[in-house]
Amino acid sequence: MEYPLTRLDEKILSLKNASKKALVAYLVAGDPDLDSTLELMHGFVDAGVDILEVGVPFTDPIAEGPIIQAAHDRALKNNTSLTKIFKLVKKFREKNVDTPVILMGYINTFLANIKALEESYVSGSDAVLIVDIPGESDLKNIGIKNTNLASISLIAPTTSKDRISKICDNSSGFIYYVTLRGVTGSSNLNISEAESNINFIRSQTSLPVFAGFGIKTPDDASSLSKLSDGVVIGSSLVEMINNHSRKKEFKKIYNYLNEISKAISL
Amino acid sequence: MNNLSNLPNSDGFFGEYGGKFVPETLMHALKELDETYSKLKNNPKFIEEIDQDLVQFVGRPSPLYFAKRLTNHYSGPQIWLKREDLNHTGAHKINNTVGQILLAKAMGKKRIIAETGAGQHGVATATVAARLGLECHIYMGAKDVERQSLNVYRIKLLGAEVHAVDSGTATLKDALNEAMRDWVTNIEDTYYIIGSVTGPHPYPMIVRDFNAIVGRELRKQSIEQFSQYPDAIIACVGGGSNAMGIFYPFLEESNVELIGVEAAGSGLMSGKHAAPLNDGEPGILHGAKSYLMQDENGQVIDTHSVSAGLDYPGVGPEHSNLKDSGRANYIAVDDKEVIDSFHLITKLEGIMPALETAHAFAALDHIAKNYTSNQHIVINVSGRGDKDINTVATMDGISLD
Numbered sequence: 001m002e003y004p005l006t007r008l009d010e011k012i013l014s015l016k017n018a019s020k021k022a023l024v025a026y027l028v029a030g031d032p033d034l035d036s037t038l039e040l041m042h043g044f045v046d047a048g049v050d051i052l053e054v055g056v057p058f059t060d061p062i063a064e065g066p067i068i069q070a071a072h073d074r075a076l077k078n079n080t081s082l083t084k085i086f087k088l089v090k091k092f093r094e095k096n097v098d099t100p101v102i103l104m105g106y107i108n109t110f111l112a113n114i115k116a117l118e119e120s121y122v123s124g125s126d127a128v129l130i131v132d133i134p135g136e137s138d139l140k141n142i143g144i145k146n147t148n149l150a151s152i153s154l155i156a157p158t159t160s161k162d163r164i165s166k167i168c169d170n171s172s173g174f175i176y177y178v179t180l181r182g183v184t185g186s187s188n189l190n191i192s193e194a195e196s197n198i199n200f201i202r203s204q205t206s207l208p209v210f211a212g213f214g215i216k217t218p219d220d221a222s223s224l225s226k227l228s229d230g231v232v233i234g235s236s237l238v239e240m241i242n243n244h245s246r247k248k249e250f251k252k253i254y255n256y257l258n259e260i261s262k263a264i265s266l
Numbered sequence: 267m268n269n270l271s272n273l274p275n276s277d278g279f280f281g282e283y284g285g286k287f288v289p290e291t292l293m294h295a296l297k298e299l300d301e302t303y304s305k306l307k308n309n310p311k312f313i314e315e316i317d318q319d320l321v322q323f324v325g326r327p328s329p330l331y332f333a334k335r336l337t338n339h340y341s342g343p344q345i346w347l348k349r350e351d352l353n354h355t356g357a358h359k360i361n362n363t364v365g366q367i368l369l370a371k372a373m374g375k376k377r378i379i380a381e382t383g384a385g386q387h388g389v390a391t392a393t394v395a396a397r398l399g400l401e402c403h404i405y406m407g408a409k410d411v412e413r414q415s416l417n418v419y420r421i422k423l424l425g426a427e428v429h430a431v432d433s434g435t436a437t438l439k440d441a442l443n444e445a446m447r448d449w450v451t452n453i454e455d456t457y458y459i460i461g462s463v464t465g466p467h468p469y470p471m472i473v474r475d476f477n478a479i480v481g482r483e484l485r486k487q488s489i490e491q492f493s494q495y496p497d498a499i500i501a502c503v504g505g506g507s508n509a510m511g512i513f514y515p516f517l518e519e520s521n522v523e524l525i526g527v528e529a530a531g532s533g534l535m536s537g538k539h540a541a542p543l544n545d546g547e548p549g550i551l552h553g554a555k556s557y558l559m560q561d562e563n564g565q566v567i568d569t570h571s572v573s574a575g576l577d578y579p580g581v582g583p584e585h586s587n588l589k590d591s592g593r594a595n596y597i598a599v600d601d602k603e604v605i606d607s608f609h610l611i612t613k614l615e616g617i618m619p620a621l622e623t624a625h626a627f628a629a630l631d632h633i634a635k636n637y638t639s640n641q642h643i644v645i646n647v648s649g650r651g652d653k654d655i656n657t658v659a660t661m662d663g664i665s666l667d
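Chains as they are written, first to last, in our numbering: chain W, 1 to 266; chain B, 267 to 667.
Calculated from the structure, these hints are not laboratory results. Here a beta-carbon is modelled for each residue, glycine too, at the ideal position from N, C-alpha and C. Some hints here could point you the wrong way.
Said to hold, decoys possible - Label-pair restraints from in silico Cβ distances:
| id | chain 1 | residue 1 | chain 2 | residue 2 | range |
| --- | --- | --- | --- | --- | --- |
| 1 | W | D73 | B | L416 | 28 to 34 Å |
| 2 | B | S271 | W | K145 | 31 to 37 Å |
| 3 | B | K602 | W | N243 | 22 to 28 Å |
Put together the whole structure using the sequences plus the hints.
Right, here's the structure in full:
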């Protein structure tokens with residue numbers, strides 16, 4: 001029996017067919033406000049972003065560095081909730097039907113909104129990336145049932161080889177390789193370690209492997225894209241959004257994404 | 267009610283609570299810790315080393331003391347005090363750090379980190395790190411740095427570095443967040459000494475086991491001094507390490523009533539409190555599923571307590587399971603009752619309890635009447651109150667400057 005391809009599968013297939021590296025961009029929903037987030041999502045896509053990763057704010061984001069922590073705090077001050085984020089994605093879908101949207105956040109906020117989460121696929125979300133669950137866990141076993149959402153798992157430099165194969169078996173969409181030991185936005189990128197780990201992951205799965213955490217410059221993006229199937233940009237975007245949020249002048253951010261997009265297609 | 271003492275299971279669950287809900291980078295370190303602990307905990311040499319430290323460095327066993335004037339005051343049950351306040355560094359926290367530092371040593375870690383609320387765990391960690399000459403970093407909420415300034419200075423004197431945490435609510439939970447971020451970053455050479463029965467597996471088990479010396483001593487002392495096990499044991503509960511330590515060896519003694527006392531802050535009805543077992547819902551924070559103070563969107567809500575050590579929105583997962591199973595009961599007392607109790611105990615017994623511990627004493631006002639004069643209640647005096655003098659003075663409207 002053949003299953004229909006999901007939006008995420010189709011995007012990944014089309015990138016593969018075109019031999020293109022994926023550009024994944026992260027932003028925090030509700031920072032500085034939900035209208036801006038919607039504008040930025042469309043702007044990101046126009047600037048060359050292939051997949052959007054929408055951060056769901058949480059009071060205690062233990063995997064985030066100071067830049068993304070502060071963005072979570074700002075979004076929470078605006079009363080950004082998961083239910084409002086589902087509405088945001090639905091609105092985004094009015095003008096965009098082919099860019100996958102991944103919700104990235106922490107387990108407690110997802111569990112508090114189980115019912116809405118189970119319906120979120122209908123409103124246009126494609127996957128969840130839950131930072132604080134073990135990569136081999138099945139969403140069903142932690143209380144998230146009846147969902148068509150793909151589950152993206154993280155693999156870290158410290159993940160043992162036997163767990164890498166378990167995590168790969170349990171993943172769909174793509175594998176997110178964490179390029180450093182540390183929180184988001186750190187600067188201790190280790191390219192040679194990333195290379196050998198990504199190669200090992202590739203030996204365990206046919207899913208594409210994207211690299212993220214600590215990628216700031218077009219040069220970083222370029223060197224990591226050579227080892228992987230795509231890169232994730234997070235903290236540097238969140239920082240730029242904050243710097244430009246008062247005037248809501250986001251053009252510089254789009255130019256930056258454009259440069260990254262060019263750097264990874266060289 | 268059988269087999270509560272065989273928990274957690276191999277995945278770290280106490281019933282439905284506990285687990286390992288952490289970023290992937292930490293998974294390997296938790297497994298390594300679990301394996302090291304499993305290997306060492308029954309090793310006679312390891313046990314002997316800890317026992318020797320507990321006797322010669324900590325000053326154990328701590329006495330079981332009959333509180334005569336307090337007993338007369340309530341004219342109900344006989345009230346006994348398990349004197350953890352007499353331990354080196356002034357609280358039960360040292361029982362855990364003495365054990366965990368040996369795990370760190372066995373794993374070859376050179377750098378120690380810890381979170382602290384009231385500062386007692388920070389002091390206890392800095393103390394054992396100093397003794398082994400290890401680099402030590404203590405994370406503490408900025409609000410707590412202010413209200414526990416005496417302990418902050420003690421930690422510095424012991425050679426550790428104190429990092430004030432400004433994020434979030436600037437209290438214990440934020441200190442834990444920051445310690446976890448440090449650990450994710452420095453995972454290779456760093457050992458994280460968690461100070462309560464919280465966090466991801468295997469911490470709730472390890473911290474409980476190292477504190478269980480308190481309950482094991484009490485089993486022996488109660489038989490020696492009043493020829494039976496206590497009718498009830500009362501302990502304060504923030505994360506819940508002193509309570510778990512004294513409860514655990516009695517879990518299978520169904521005649522021994524176990525009573526945990528949470529911080530009701532400005533009152534349970536006010537919403538300004540730190541009593542997740544009384545007024546929270548199951549959720550996931552800091553690596554474990556447990557009762558949690560949270561809003562309808564799963565965001566952790568601000569807590570309030572006069573005591574920095576109880577000012578925490580979560581609680582150890584084993585307590586959540588004990589609550590649901592009915593094996594332990596959890597009540598809450600408010601800030602005013604706590605301050606009144608602090609004064610009462612100080613004047614009646616000449617023992618100045620920590621404000622955390624004063625919660626356990628304040629519970630007597632609610633429950634002493636349920637017991638008769640031939641029954642025995644034990645209160646775990648988890649720590650001494652010197653660190654809280656400034657807070658008490660402020661509450662009483664007295665300036666010490």
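**OP:** Would you pick out the hints that fail for this structure and give their numbers low to high?
**Re:** Hint 3 contradicted; others consistent.
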